[in-house]
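There are 2 protein chains.
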Amino acid sequence: MLEIEAKARAEHEAVKRRLRELGAEHRGEETQKDIYFAHPCRDFAATDEALRLRRDSKGCSLTYKGHKIDALTKTREEHEVIIDDYDAAGAVLKSLGFLKVRAVKKKRTYYSLQGFEVMLDEVEGLGEFVEVEKKGEKYEPKELVDFIKLLGTENLIRKSYLELLMEKESLRNR
Amino acid sequence: MLEIEAKARAEHEAVKRRLRELGAEHRGEETQKDIYFAHPCRDFAATDEALRLRRDSKGCSLTYKGHKIDALTKTREEHEVIIDDYDAAGAVLKSLGFLKVRAVKKKRTYYSLQGFEVMLDEVEGLGEFVEVEKKGEKYEPKELVDFIKLLGTENLIRKSYLELLMEKESLRNR
Chain H
0 MLEIEAKARA EHEAVKRRLR ELGAEHRGEE TQKDIYFAHP CRDFAATDEA LRLRRDSKGC
60 SLTYKGHKID ALTKTREEHE VIIDDYDAAG AVLKSLGFLK VRAVKKKRTY YSLQGFEVML
120 DEVEGLGEFV EVEKKGEKYE PKELVDFIKL LGTENLIRKS YLELLMEKES LRNR
Chain A
0 MLEIEAKARA EHEAVKRRLR ELGAEHRGEE TQKDIYFAHP CRDFAATDEA LRLRRDSKGC
60 SLTYKGHKID ALTKTREEHE VIIDDYDAAG AVLKSLGFLK VRAVKKKRTY YSLQGFEVML
120 DEVEGLGEFV EVEKKGEKYE PKELVDFIKL LGTENLIRKS YLELLMEKES LRNR
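Residue numbers (numbering that gives the first Met the number 0), protein chains in the order written: chain H, 0 to 173; chain A, 0 to 173.
These aren't lab readings, by the way, just hints derived from the structure by calculation. One or more hints might be untrue.
Heads up, the list lumps identical chains together, so a pair's fine if it works in one copy or across two of them.
[Claimed, not checked] Listed next, the in silico PhoX-like pairs over lysine-lysine satisfying Cα-Cα at most 25 angstroms (straight line):
id	residue 1	residue 2
1	Lys-141	Lys-167
2	Lys-57	Lys-141
3	Lys-137	Lys-167
4	Lys-137	Lys-99
5	Lys-134	Lys-93
6	Lys-57	Lys-167
7	Lys-93	Lys-148
8	Lys-137	Lys-93
9	Lys-141	Lys-32
10	Lys-148	Lys-99
11	Lys-134	Lys-167
12	Lys-67	Lys-167
13	Lys-99	Lys-141
14	Lys-57	Lys-134
Please read all numbers here as calculations on a predicted model, not as lab measurements.
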C-alpha cells in the first residue's frame, strides 16, 4: 500500500500552538528505535528504497519502503509486518546478508487533524521535524503540501532521517 | 538457535503403533502451508540454506534455515519470527527480490516422547514421513539417529521436502 507522507523541519512549540488553534486532537507519544539495513546486492541509496526494523511502545515491525513516487512529497509504496521478536528478526536479516547501516532514534508525538495524522518528531542528532500522513490509497501531492504549510512550515524535505544523519556524518568526517 | 532434527520415510500406521507401545503423548495436528523463497543473489540450493513463509493453525511465521551442520541429521541454525500478516510478509520479500520457489503443503501430527517432539508428516505429492526434533542447544547426532530408529524407521533423509519435491518434478520432466 501507499504511505502518503510529507515532511518538513519545524519548531515544535510553534507547530503545537498552530495545532491547538486548528483544533487538532493529541493522540499520544512514544519513542521509536529504528535500524536500517543495506541490501546484500542492491544499492538502496541509489534505488531510493529502505528496509527498517522498528521497536516502539506498540511492539516491533519490519517495513519495506519503495522509491518515492512524486517530486514533492515522501509518498512511496510500503509493506509492513508486525513481528514478535526483534532480535530474531535481526538474526534472519543478518543471515540473509542484510547489513545494519545505522540506528535512528526519535521521540514521536501524534496528533490528528482534518483526516491527516500529524507527527512531531524529535530526532536524536537531527532536531525537530513534522511529518504529515494521509490514510488511504488516493492522494494529491499538492493537498499534502498545502496541509503541511497550514501548520506553519515551509521547507519540505524529501530525504529520510537516515539520509540526513548520514549526510551530517559525512560532512563532519570531511 | 539450533534446530536439532532428523527425518525418515515411514509408514504412519506402523510408527503410530510403535508410539503407542512406547507411551508417546499425542499433542495435536494441523495443516501447514509453506512457501520457499530464492535469495536475490545467493544460490540457496548450493549454500544449503532456506527461507520459508509458513501459515498454520497457530498463525504465520518467517524462518531462515542455515546449512546442515553434521553428516547424519538435518540439524541446522534456525531463526524464526512470528508475523501478523502473511500477504504483507510476501510483499516485503518480493520487493526485496526474493522469488517464490514453490509451496509445500502437509498435514502434521505431533507426539512427544522421551524429550523429543515426533512429527508425522503427510506431504502433498511426496507421502508419509516422520521427523524427530530435540529441544535445546546441545545434541549428539547419534542420539537423534538412535531415537528415530526406535520408532521403527531406518533410512534417514537429509533432504528437505522442497528438495524432494523439486527432484521428483525434475525426474518427471526429463
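Right, here's what the structure says about each hint:
In this homomeric assembly, Lys-141 and Lys-167 never come within 25 angstroms of each other (Cα to Cα): the closest approach is 29 angstroms inside a single copy and 56 angstroms across copies. Within a single copy, Lys-57 and Lys-141 get their C-alpha atoms no closer than 32 angstroms, and across copies no closer than 45 angstroms, so neither meets the 25 angstroms cut-off. Taking the closest pair of Cα atoms, Lys-137 and Lys-167 never come within 25 angstroms of each other, the shortest separation being 34 angstroms inside a single copy and 47 angstroms across copies. Taking identical chains as interchangeable, the C-alpha atoms of Lys-137 and Lys-99 are never at most 25 angstroms apart, the minima being 33 angstroms within one chain and 30 angstroms between chains.
In the homo-oligomer, the alpha carbons of Lys-134 and Lys-93 lie at most 25 angstroms apart only across protomers (24 angstroms), although the nearest pairing inside one protomer, at 32 angstroms, exceeds that limit. Neither within a single protomer nor between protomers do Lys-57 and Lys-167 lie at most 25 angstroms apart by alpha-carbon distance, with minima of 30 angstroms and 45 angstroms respectively. Taking identical chains as interchangeable, the C-alpha atoms of Lys-93 and Lys-148 are never at most 25 angstroms apart, the minima being 41 angstroms within one chain and 36 angstroms between chains. For the identical chains of this complex, Lys-137 and Lys-93 are inter-copy neighbours only, at 23 angstroms across copies versus 36 angstroms inside a copy, given an alpha-carbon limit of 25 angstroms.
Neither within a single protomer nor between protomers do Lys-141 and Lys-32 lie at most 25 angstroms apart by alpha-carbon distance, with minima of 31 angstroms and 44 angstroms respectively. Taking CA atoms no more than 25 angstroms apart as the test, Lys-148 paired with Lys-99 passes in neither setting, with 35 angstroms inside one copy and 44 angstroms between copies. Taking CA atoms no more than 25 angstroms apart as the test, Lys-134 paired with Lys-167 passes in neither setting, with 31 angstroms inside one copy and 48 angstroms between copies. For the homomeric pair Lys-67 and Lys-167, the shortest alpha-carbon distance inside one copy (22 angstroms) is at most 25 angstroms, but the shortest distance between copies (44 angstroms) is not.
For the identical chains of this complex, Lys-99 and Lys-141 are neighbours neither inside a copy (35 angstroms) nor across copies (38 angstroms), given an alpha-carbon limit of 25 angstroms. In this homomeric assembly, Lys-57 and Lys-134 come within 25 angstroms of each other (Cα to Cα) only inside a single copy, at 19 angstroms, whereas the closest approach across copies is 30 angstroms.
This entry does not satisfy hints 1, 2, 3, 4, 6, 7, 9, 10, 11, 13, going by the numbered hints stated previously.
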